[in-house]
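Asks: Listed below are the residues making up each chain.
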Amino acid sequence: MGVVGEGTRASPAPGAAWYTNWLATWTLAVLLFVGRIRDLLWRGRPRPPKGYAPLTDPQSSFYARRIYGRIHDCWNRPIASAPGPWVDVLERESLEGRTRATRALPPTGARRRCLNLGSYNYLGFAASDPYCTPRVLGALSAGGVSPCASRACGGALPVHSELEAMVAEFVGAEDAIAYGMGFATNSASLPVLCGPGALVLSDALNHTSIVAGVRSGGAAVRVFRHNDMRHLEALLRYHIAEGQPRTHRPWKKILIVVEGTYSMEGESPPLAAIVSLKKRYGAYLYLDEAHSIGAMGGTGRGLCEHAGVDPRDVDVLMGTFTKSFGSAGGYVAGSRAVIAYLRRHSPAHLYAAALAPGAAAQVVAALRLMRGEGGGGRGAAKVAQLHGNAHYMRRRLIAMGLHVLGDWDSPVVPVMVYHVGLLGAISRALLRRRVAAVVVGFPATPLLLCRLRICVSAAHSREDLDYALDAIRDVAEVAGIDYARPAGRLWGLRAAARRAAAAAAAALARGGAGGAEGGGHGGGGGTRSASGGGSGAGSWRGSSSSCCSGSASGGEAESEELSAAAADAHSCASSTAGAECCCDEAACACAGARAASC
Amino acid sequence: MRRLTRKACLLAALGLCAVAWSKAAEGPLRRALSFSSLATSLRDVDAGKIIQALQEMRLRPIRQAWAEFWDIFGPGGRLHPDWFIEHQGHLFIEGGLMAIILVLFFQSGYRPSKEQEEEPLTEREIDELCREWKPEPLVPDIAEEDQLPEPPVIQEWENSHWVTVAGRRALNLTAADFLGLSNDPSVAAAARATVERYGVGSCGPRGFYGTFDVHLQLEQDLAAFMGEEEAIIYSYDIATVASVIPAFASRADILVMDEGCSYPIQQGAKLSRARVFTFKHNDAGDLAALLGRIEAEEARERKPLCRRMIVVEGVYSNTGEVAPLRRIYELKERYKYRLCVEETLSFGVMGERGRGACEAAGLEPGQVEIICASMSGALGSVGGFCVGHSEVCDHQRLCGQGYCFSASLPPYLATAAIAALRILGTPDGQALARRVRGAAAELRAALAAGPPGLVLAGAADGPAAASPVVHLHLDPSVESRLGPRPAVAAALQRVADILLQRYGVFVALPRYSVLDEVHPRQSIKLVANAALASEGRVEHVASALREAAAEVLGGSDGGSDGGGAA
Chain Y
1 MGVVGEGTRA SPAPGAAWYT NWLATWTLAV LLFVGRIRDL LWRGRPRPPK GYAPLTDPQS
61 SFYARRIYGR IHDCWNRPIA SAPGPWVDVL ERESLEGRTR ATRALPPTGA RRRCLNLGSY
121 NYLGFAASDP YCTPRVLGAL SAGGVSPCAS RACGGALPVH SELEAMVAEF VGAEDAIAYG
181 MGFATNSASL PVLCGPGALV LSDALNHTSI VAGVRSGGAA VRVFRHNDMR HLEALLRYHI
241 AEGQPRTHRP WKKILIVVEG TYSMEGESPP LAAIVSLKKR YGAYLYLDEA HSIGAMGGTG
301 RGLCEHAGVD PRDVDVLMGT FTKSFGSAGG YVAGSRAVIA YLRRHSPAHL YAAALAPGAA
361 AQVVAALRLM RGEGGGGRGA AKVAQLHGNA HYMRRRLIAM GLHVLGDWDS PVVPVMVYHV
421 GLLGAISRAL LRRRVAAVVV GFPATPLLLC RLRICVSAAH SREDLDYALD AIRDVAEVAG
481 IDYARPAGRL WGLRAAARRA AAAAAAALAR GGAGGAEGGG HGGGGGTRSA SGGGSGAGSW
541 RGSSSSCCSG SASGGEAESE ELSAAAADAH SCASSTAGAE CCCDEAACAC AGARAASC
Chain Z
1 MRRLTRKACL LAALGLCAVA WSKAAEGPLR RALSFSSLAT SLRDVDAGKI IQALQEMRLR
61 PIRQAWAEFW DIFGPGGRLH PDWFIEHQGH LFIEGGLMAI ILVLFFQSGY RPSKEQEEEP
121 LTEREIDELC REWKPEPLVP DIAEEDQLPE PPVIQEWENS HWVTVAGRRA LNLTAADFLG
181 LSNDPSVAAA ARATVERYGV GSCGPRGFYG TFDVHLQLEQ DLAAFMGEEE AIIYSYDIAT
241 VASVIPAFAS RADILVMDEG CSYPIQQGAK LSRARVFTFK HNDAGDLAAL LGRIEAEEAR
301 ERKPLCRRMI VVEGVYSNTG EVAPLRRIYE LKERYKYRLC VEETLSFGVM GERGRGACEA
361 AGLEPGQVEI ICASMSGALG SVGGFCVGHS EVCDHQRLCG QGYCFSASLP PYLATAAIAA
421 LRILGTPDGQ ALARRVRGAA AELRAALAAG PPGLVLAGAA DGPAAASPVV HLHLDPSVES
481 RLGPRPAVAA ALQRVADILL QRYGVFVALP RYSVLDEVHP RQSIKLVANA ALASEGRVEH
541 VASALREAAA EVLGGSDGGS DGGGAA
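Protein sequence lines correspond, in order, to chains Y and Z.
So for the first sequence, the UniProt record's numbering puts the first residue at 1; every next one is plus one.
So for the second sequence, the UniProt record's numbering puts the first residue at 1; every next one is plus one.
Just so you know, these hints were derived from the structure itself, not from any lab.
One or more of the hints may lead you astray.
As the list claims (entries may be wrong) - Below, a list of computed lysine-lysine pairs in the BS3-like style, where the Cα atoms sit at most 25 angstroms apart:
1) Z:K134 x Y:K252
2) Z:K49 x Z:K134
3) Y:K279 x Y:K252
4) Y:K279 x Z:K134
5) Z:K336 x Z:K303
6) Y:K50 x Z:K303
7) Z:K134 x Y:K50
To be verified - Restraint-style ranges between C-beta atoms, simulated for each label pair:
8) Y:R249 x Z:E158: 32 to 40 angstroms
9) Y:G282 x Z:S480: 49 to 57 angstroms
10) Z:D497 x Y:P134: 30 to 38 angstroms
11) Y:E93 x Z:R300: 46 to 54 angstroms
12) Y:F33 x Z:L11: 32 to 40 angstroms
13) Z:E301 x Y:K50: 18 to 26 angstroms
14) Z:D428 x Y:V30: 54 to 62 angstroms
15) Y:P54 x Z:G285: 27 to 35 angstroms
16) Z:M98 x Y:W18: 31 to 39 angstroms
17) Y:W42 x Z:R300: 32 to 40 angstroms
18) Y:G282 x Z:L11: 43 to 51 angstroms
19) Z:E297 x Y:H248: 33 to 41 angstroms
20) Z:R326 x Y:V30: 50 to 58 angstroms
21) Y:G172 x Z:A193: 36 to 44 angstroms
Claimed, not checked - A few chain Z residues facing chain Y, derived, Cβ under 7 angstroms:
22) H161
23) G204
24) L216
25) Q217
26) Q267
27) K336
28) E391
29) G450
30) P510
31) L515
For each residue, glycine too, the CB sits at the ideal point set by N, CA and C.
Given these sequences and hints, build the entire structure.
Replies: Next comes the structure, spelled out in structure tokens:
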């Protein structure tokens, strides 16, 4: 339960209604309970040989076996085409009747062409490209598949130096160093930069590679609340004043580590504020631009450009080539001294095989395009297209009444689901509608903040996005995740009930007595309640819960009226549908709970 | 600590009071102390006389008030002590005491007196401290002894065995592509075809549509080649073992490592936070003693059964020596440990079928629980893999950090590895591996006597002879003559330069990070490969080394010991 407990502590995302949280907790509790019972009755994991401890700790693998195991067909779906805007997803055997909880499912051989909302193909460099692919093939001839040696020990090729110079120029730093893997870029650079005696102030949502890097360096770590500058400043002040624990010596250095775009949130940190803080307190700043390089800023130069910050004010700019540039590997850019030190001491430079020349050539070609040196300005158009697509997607999803996180420009568009129980259903339903999107739950997010994550690409056309939006709207309606919809679902039930009550009160008030609140809203609500309370079931439920809605404050009722008025025609039309299909279990449970609390 | 003691004392005192109270309420003290004595004294007052006196004073209202008072407090009244005791009133007092005890017990802390407490820093003081604080630079200046010349850059790449460096075409003895499989046309063709079909990057981790059909194919092929149940591929070599170890060891578990293990293993051990024990490099006797000590210790402290793993390298990348795997296997079986072998430099070369050092040591597939290796070795590609039971691989798919949280291997590198693996599995591939093993043994034998001033690391015969990586350390006497590390590095660099420019042999000088806890000795590293296996090449390289070393290291006063070594 230790693992499970950690996730529940996180505060729910803003906007989740209390009953959503309550139901999500309840779903999880049922899953945990059933899982425990099953653990009691069946072993569910191989028995270790005598004298050996089990290979996996049964407590820590509980979540994997009993919760993830129920829906693990939603992940690791193999594909058999380039991860472009449309992708061939290989169908796999059914999850039913499998004895080993998390065993990979064998493909059946059938394929399904799906719209790809899962890959990090932000700029559309994933598939073969008329400009990049010939250059990659050229590099394969000129440098082989792999140098099979580390950069420091005879694996250095001219394409590496060219790449590093281009990256440094692109991000606006003095120098850069390229590595063969994005994860290793963090996990091998951070320990070189911060050893014992250093303090790392890390955002609560930083990626695992950062955690691994900091931990293997031996620096002390304090976590500040996600994007909370006041907490960051408080930590800075406290730790500078207090020094190291026990010895009370001053810290050798303080490194603030943030990401340019958080991969599960789509949010960017307030970089200008962080830079001013780090300057005021003499800390250093490490910015992980894995998801923001190429995607943020007018010309794709990352968060610095987006936030209007001089890149030289950021001490270490790290990024990867796996996302926007459709390649592999990562870079660290910064001052000459920092990069020279990394060249001398970074394990990924000294011990690991050098970046494959084909991958390096792909990045060089992509950067050339972005700088407008080839392809007739296609590169600049890609960034504009990406931002346009991201804006369009966000706007439409918000209009649908979904809880959408993230910055407008960010290509990562998370849609909150909250319920762990809905993840599998949503992912499978979307796949049936030929949309390959990613659902994310624990451990990538807290347990009660499960979400559907959509990655928008510059390669998506407007028709592609409309296709995806249609599918998402249908699935969201069935799953009931349109939490913010003014007149949808559960909210619609309450609204319908309130309106029915208001109409009844208005009718009674003609006699003269009471009903002030109902009378006040009678004009607006009464007309619509005719459709809302039309069905028998709806009006019956309405009367059962009218006692509590009647006591609701005037302010709440008013804001609801406002949002109802702002809703466009289609949501108005579907409000009746929402009221009619409110015999959904969740709605019943909730209505029952409300009635009981009265 | 002091607070706790105080709290405990307070609690004890209160407890004693409570006990005393309850005893007193029952025992003889009751009469003396409790309400009953009070009651008796009240009963003795002659109420009638008082009433009469009051009547005489004709103070009716007062008399009435007294009568009412007496109804309540007099004998039989509701507030008379007797009534109180009969109706168990002492329970209220005891309950109150209990409540006080509980409040004290759950108090967050006992506040010491004002004098001991430090005044918290004021905002102004914190401002002052923040202004005063001077951080160190983000990176220190590179220490003088760590300064090394720029590493060589390959100017022209012909194939993995022939390159042009610093304007000179040379035999490449740095690349770990032992068999030259990446030079095979089928490998290059596979890579090119995949680039055209799939593009370069995978654009996502394995979980999120980053699993390609070719990844599954490669995993299947690797498992079949190694004769194991399942394989799992990582996208980078140093991330492989550094992810595998933390997946199977955590805080309470035990890791036993060779002290010469390379950095990725050290990092994995550090990330796992397990209890790490090291044994003397390649010393099975020391390992046996260590395992015995650990077992005794665990039994003495009655620790619960935990996961225990021995981690070794098949061929040590820092020295080129081969681990005594047979002995280690026997010890692991005896003490019930799992065994993890890093086979990066032995996979594809050692063993009859090229399965690596474990096969060469006569171990069957399945006997070693976890085998990790790099694909930038014999497979001539990029990435890493791990083979083992399906349970081992399944668990990594959920808990291997470098697997779950990293973009997957570019598909073209996977198809290149598949094509290379296909060649490796054929009789031709096995013959090639045999030739490379032969060349390595020959090179070792030729260098066993040692070029002047250089010493071969590890044995030149026995099972170690097949190791394809040869390290030449400086002779300690020469090293002490040369003095500080920069001078040693410069001397070795001169040897390498002469080898390259005069003899056309490209060798590497390994460098080590400040993070590396092992601090291996500086050396010249030679990687045996298929091109070296050609007629006369080994002799050429050995004589080139001898001549270059004699020129650089055997100079001035060192001529005699150089000659002695030769």
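Asks: All the hints need checking, so say for each whether the structure fits it.
Replies: Here's how the hints hold up against the structure:
no., hint, result
1, Z:K134 x Y:K252, "holds, 8 angstroms"
2, Z:K49 x Z:K134, "violated, 91 angstroms"
3, Y:K279 x Y:K252, "holds, 16 angstroms"
4, Y:K279 x Z:K134, "holds, 12 angstroms"
5, Z:K336 x Z:K303, "holds, 15 angstroms"
6, Y:K50 x Z:K303, "holds, 17 angstroms"
7, Z:K134 x Y:K50, "violated, 57 angstroms"
8, Y:R249 x Z:E158: 32 to 40 angstroms, "violated, 55 angstroms"
9, Y:G282 x Z:S480: 49 to 57 angstroms, "violated, 44 angstroms"
10, Z:D497 x Y:P134: 30 to 38 angstroms, "holds, 37 angstroms"
11, Y:E93 x Z:R300: 46 to 54 angstroms, "holds, 51 angstroms"
12, Y:F33 x Z:L11: 32 to 40 angstroms, "holds, 39 angstroms"
13, Z:E301 x Y:K50: 18 to 26 angstroms, "holds, 22 angstroms"
14, Z:D428 x Y:V30: 54 to 62 angstroms, "holds, 59 angstroms"
15, Y:P54 x Z:G285: 27 to 35 angstroms, "holds, 31 angstroms"
16, Z:M98 x Y:W18: 31 to 39 angstroms, "holds, 37 angstroms"
17, Y:W42 x Z:R300: 32 to 40 angstroms, "holds, 37 angstroms"
18, Y:G282 x Z:L11: 43 to 51 angstroms, "holds, 48 angstroms"
19, Z:E297 x Y:H248: 33 to 41 angstroms, "holds, 35 angstroms"
20, Z:R326 x Y:V30: 50 to 58 angstroms, "holds, 53 angstroms"
21, Y:G172 x Z:A193: 36 to 44 angstroms, "holds, 38 angstroms"
22, H161, "violated, 10 angstroms"
23, G204, "holds, 5 angstroms"
24, L216, "holds, 6 angstroms"
25, Q217, "violated, 10 angstroms"
26, Q267, "holds, 5 angstroms"
27, K336, "holds, 4 angstroms"
28, E391, "holds, 6 angstroms"
29, G450, "violated, 22 angstroms"
30, P510, "holds, 6 angstroms"
31, L515, "holds, 6 angstroms"
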